[in-house]
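Enquirer: Using the hints provided, position chains Y, U and C with the ligands relative to the given structure of chain W.
Residue numbers (our numbering), protein chains in the order written: chain W, 33 to 506; chain Y, 33 to 506; chain U, 142 to 243; chain C, 142 to 243.
Quick caveat, the hints were computed from the structure, so don't treat them as lab data.
Some hints here could point you the wrong way.
Unchecked claim - Beyond 10 Å from chain U on every Cβ pair, some chain C residues (computed): (1) Q154; (2) E168; (3) P174; (4) S175; (5) G206; (6) N207; (7) Y208; (8) V209; (9) L211; (10) D233; (11) R234; (12) E237; (13) M238; (14) F239.
Claimed, not checked - Listed next, the in silico EDC-like pairs over lysine to aspartate or glutamate satisfying Cα-Cα at most 20 Å (straight line): (15) W:K116 <-> C:E237; (16) U:K202 <-> Y:E85; (17) W:K116 <-> C:D233; (18) Y:K114 <-> U:D233; (19) W:K114 <-> C:E237; (20) W:K409 <-> C:E237; (21) Y:K113 <-> U:E237; (22) Y:K116 <-> U:D233; (23) Y:K349 <-> Y:E419; (24) C:K202 <-> W:D86; (25) Y:K113 <-> U:D233; (26) Y:K114 <-> U:E237; (27) W:K89 <-> C:E204.
Even for Gly, the Cβ is constructed at its ideal location relative to N, Cα and C.
In case you want the letters, here they are:
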Amino acid sequence: MGPSILSVCYIVASVTFILGLKMLSNPATARRGNLIAAAGMIIAILGTIFLYEDDGKRLGNYPWIFSAIIIGSIIGTMVAKKVKMTAMPELVSFFNGMGGACAALISIVEFDYLYRAHREVSSSFSDVVASGHYLAIIAGTIIGSVSFAGSIIAWGKLSGKFKDYSFKGQHLFNNLILILILVSAVYAYFSNTQFVNIPFFITVALALLYGVFFVLPIGGADMPVVISLLNSFTGVAAACGGFLYNNKAMLTGGILVGAAGTLLTILMCRAMNRSLVNVLIGSFGGTKAGGDEKAIEGNVKEISLSDAAMLMAYAKKVMIVPGYGLAVAQAQHTCHELEKSLDEKGVEVKYAIHPVAGRMPGHMNVLLAEADVSYEKLLEMDEANEEFKTTDVVLVLGANDVVNPAAKNDPSSPIYGMPILEVELAKNVIVNKRSMKPGYAGIENQLFYQPKTSMLFGDAKKVLQELLTELKNI
Amino acid sequence: MGPSILSVCYIVASVTFILGLKMLSNPATARRGNLIAAAGMIIAILGTIFLYEDDGKRLGNYPWIFSAIIIGSIIGTMVAKKVKMTAMPELVSFFNGMGGACAALISIVEFDYLYRAHREVSSSFSDVVASGHYLAIIAGTIIGSVSFAGSIIAWGKLSGKFKDYSFKGQHLFNNLILILILVSAVYAYFSNTQFVNIPFFITVALALLYGVFFVLPIGGADMPVVISLLNSFTGVAAACGGFLYNNKAMLTGGILVGAAGTLLTILMCRAMNRSLVNVLIGSFGGTKAGGDEKAIEGNVKEISLSDAAMLMAYAKKVMIVPGYGLAVAQAQHTCHELEKSLDEKGVEVKYAIHPVAGRMPGHMNVLLAEADVSYEKLLEMDEANEEFKTTDVVLVLGANDVVNPAAKNDPSSPIYGMPILEVELAKNVIVNKRSMKPGYAGIENQLFYQPKTSMLFGDAKKVLQELLTELKNI
Amino acid sequence: MESVIHFIQENIQMVYIVILMIFLGIEIIGRVPSVLHTPLMSGANAIHGVVIIGAIIVMGKAESGNYVALVLGFLAVVLGTLNVVGGFVVTDRMLEMFKKKK
Amino acid sequence: MESVIHFIQENIQMVYIVILMIFLGIEIIGRVPSVLHTPLMSGANAIHGVVIIGAIIVMGKAESGNYVALVLGFLAVVLGTLNVVGGFVVTDRMLEMFKKKK
Ligand SMILES: NC(=O)c1ccc[n+]([C@@H]2O[C@H](COP(=O)([O-])OP(=O)(O)OC[C@H]3O[C@@H](n4cnc5c(N)ncnc54)[C@H](OP(=O)(O)O)[C@@H]3O)[C@@H](O)[C@H]2O)c1
Ligand SMILES: NC(=O)c1ccc[n+]([C@@H]2O[C@H](COP(=O)([O-])OP(=O)(O)OC[C@H]3O[C@@H](n4cnc5c(N)ncnc54)[C@H](OP(=O)(O)O)[C@@H]3O)[C@@H](O)[C@H]2O)c1
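Same shape as in the complex, but just chain W (with noise of 0.2 Å):
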């Protein structure tokens, strides 16, 4: 009865995957898409622990088990409930290398009964064991550390501990690490059994080494992307602990997990009109190599901190259109005073959120959610251009790419085609950054030179803080 039951278990965990997969890619289910999973997920655990038979033998090390349980969830709960909002990214890249190793764990302890019962007997690898079974275990072990490595210098890169390191012929490299971690696998397949350890765990470090340096070259703000590829490799990883298993839980979170992530991973570059490819040979759309900037015309035209507070403070309407530089300068606490300031004079304050603004998707909504924003201001780039009309004054904090107007008006720029808030529309804009260098595109940007636009330099954090002094003795 136990595993008729626990087949039972498995097909809802399954479906509360898919339909929790399903109902995270919708604002309005999102949540409970997300409790749904979990609660399909602690189904397959539970019953796995007590209901999982193998030739008749229920499991045993019940305190072990448990024990592992328990530590796991205390330490994942207390990071994931500590962790600032803006430290997500990197916490999601941790917990993904996590799930790499878990699998690749499982999968060294599978060879290792291989290893221990055939070692006594010289003959080859490949003559004891299937080549199916020995398919699941390497791919798992391989793809498993692969993810692992390259997510912890994903979380290392993000959280500051590393930098990026590349050199030359890098990309070189890093396919012969494949093709070696290939022969070396398929080589331990025909090896003797008494040495068959040797190359499989040469295999193993040549994984953990590939994932370290398939990570190391890509930039900093290129690790949501890097991370969302990492995930679907975990995924299809836990898949080949299915088939290993021959359990259909697994098997089906996993390619799932998989199959969505590559997906997701595609739409996420989309996003920022660049292809996966770009991303991980890692230069923006070969531009800056071919050097054919246009020189723009035009003056920069500046503007002063009491000027700039009194056009704010006197007009109707005011939209702010934050950017990664109010990240860096972790602004959003002043700028949400800044807001308060002059809603308490009679001014419509609202924000104009781009959805790839910042460094990774939904940066802009985390972060003011962080300060205590109301959700009712922020403003969805479709409606953000509608409302741009009837706006008086613009205020762009640390944004550059996103209201770059050469996306609509430059066919021959990297970011044409994307679609940006038309900031223009409004009768002013003003302008926060600490100079006229690029963003993240790397390219110039046509918007600060025209005639409605003026400049307001210096770090976002400092400028607002002036601005509200400025605004207080209006």
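Expert: Relative to chain W, chains Y, U and C with the ligands alone:
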């Protein structure tokens, strides 16, 4: 080797079915999707004929198989090519019935094998046949038979061979048959092997009866919905066959159509602002019974043929709104004549196509395509609603519900919430119908009483011909 | 209840395939515009003609003396072919209407 | 080639499940708006934590003398739990940001 390749053939077929159906739901790829699914089907069929093995034995009777396929192909192609565009729904229904009959016949033959094998010994049928096996057989038989009988009735009704037929208490009667079917199916399973054929064939007969009485009372206009429902029934019957033969192509294809067909049925109902139950029980929103129709104030203004012709001849832009009445009057060709005649006079003429105008989805597209109206002239609802603003004359030809403003203004109306063609946005509206009688939904139409609107009573074909002569005289 | 659970376990892979196909069937056509309802119905109709595989198997396995199987199998193959061929051809004809002319 | 085809046939049901899941994975998230990319990634991350089932099996089957299995299994369960619990909790926290306040 054969069976392995066959498995791959079936995988390919399943994938093409999924892809094909997906592509069919997008106008740009629909035609290609249909061809892809057809290609997959051919692979599955040829694979089965040449590679199928049962206990190492290949299939025989090739002459029979090929002659049957050739006969079926010739008849199928001829009928499908010859039929008039407007008769397509009944043809779909007919083909669907054939599929249902095919599923039922297979199951009957399989039952016959079991019966012959065991009729010599006297024991319970349930002792010699596994419950899963029997379930697949009996479900395939019942569902296939219902689908066959129902589809033939639907076909007959649409092609005018049968009339609506209902009697008091028919619902009760239908439910009774349904219960009897289940009872006799279960009874057969526990019968003696020597007489099991009697309750089995009673079940078949009851299922056929149910199919007939299920469809008979439903109004002719609702047939597309019913056909879609029966279509998904046949899908399930095919899936039962998949269980029976442990055949993945049948299983996946059948379930795919079963699920998609059910959803499609619901979507069809929703597009008409009705629920499925409502369609099957056969009353529109229940309002007719309630009799709370609002008395509509205002007068109806008529227009003469010559005035109407004049108005259109001197307009800059005329928009034609075709409806069910145009189809009934078979006036599509005359309508096209009128369009050309106006065109010669320099008037811009377009058609506004409501998605549920007529009696089947896409009815108007098919109708006008038959009369060789150019596809560019057909505007979808949203486009049309934009263009009405700049339109001088709207000519409504036998349409009623799809231009009823109650769908927008009157929350108590049964069609409230259905998107409509907002013809009132134009400068003048000319409505052609035979009387003041309501359309499909059975409700009054406020549009006819508006000052902008003038009525042009008469059969659509006649009126159009007269308009044409008037136009020639101008 | 117990036997149901048992049945599920024995046919666990089939059950999975069925569940996944149901999800797929629903997901795939969720966004179909209403004009395409009729061709989609017709295309789906052709796809369930895959039941012809069963008919071919019945026909091909029938022994030469078994007239029930031979006759019914023959009929089933003819009807199944009608469903498949007619279904795809009529769908193609309908879709021809929707493509841009010229 | 032959062995590949053979492998497919032997694991035909698994192959089906894999193919269908791939389709589903792609269909399901095809329409996700960009703001939800991060939570969706995070939620998917939690789901692949299902690999913990394998870790539990390894741990539960390990014999008392087999330290490799015991230690690695223990570690695997801890890491798997981290992935699952941390993943779902962090996703929930993110999504809290997106809901309308008050
Ligand atoms: N959201 C995502 O998922 C994601 C992920 C990866 C990449 N991206 C890409 O990132 C870009 C996002 O656009 P964005 O407009 O938000 O940012 P951006 O184009 O990268 O521009 C940020 C600007 O902020 C300024 N800045 C930096 N530190 C500042 C500080 N302390 N105070 C004030 N200003 C400061 C910088 O100019 P100065 O140096 O002159 O101050 C820079 O021009 C897009 O190209 C997008 O494709 C997005
Ligand atoms: N498309 C679908 O899939 C589908 C399927 C089932 C039901 N429906 C429903 O059908 C309706 C379709 O709307 P509709 O506006 O096209 O049609 P309608 O609302 O049914 O109105 C048709 C009008 O045509 C007139 N008419 C009939 N014969 C005529 C003739 N020979 N010459 C001129 N006029 C004639 C009738 O008025 P007189 O009698 O006064 O002439 C009638 O009011 C909607 O309610 C829809 O929900 C649609």
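Enquirer: Run every hint past the structure and note whether it holds.
Expert: Checked hints:
no., hint, verdict
1, Q154, "violated, 4 Å"
2, E168, "violated, 4 Å"
3, P174, "holds, 15 Å"
4, S175, "holds, 19 Å"
5, G206, "holds, 33 Å"
6, N207, "holds, 30 Å"
7, Y208, "holds, 35 Å"
8, V209, "holds, 32 Å"
9, L211, "holds, 30 Å"
10, D233, "holds, 24 Å"
11, R234, "holds, 28 Å"
12, E237, "holds, 28 Å"
13, M238, "holds, 28 Å"
14, F239, "holds, 23 Å"
15, W:K116 <-> C:E237, "holds, 14 Å"
16, U:K202 <-> Y:E85, "holds, 10 Å"
17, W:K116 <-> C:D233, "holds, 14 Å"
18, Y:K114 <-> U:D233, "holds, 13 Å"
19, W:K114 <-> C:E237, "holds, 15 Å"
20, W:K409 <-> C:E237, "holds, 16 Å"
21, Y:K113 <-> U:E237, "holds, 12 Å"
22, Y:K116 <-> U:D233, "holds, 14 Å"
23, Y:K349 <-> Y:E419, "holds, 9 Å"
24, C:K202 <-> W:D86, "holds, 9 Å"
25, Y:K113 <-> U:D233, "holds, 10 Å"
26, Y:K114 <-> U:E237, "holds, 15 Å"
27, W:K89 <-> C:E204, "holds, 12 Å"
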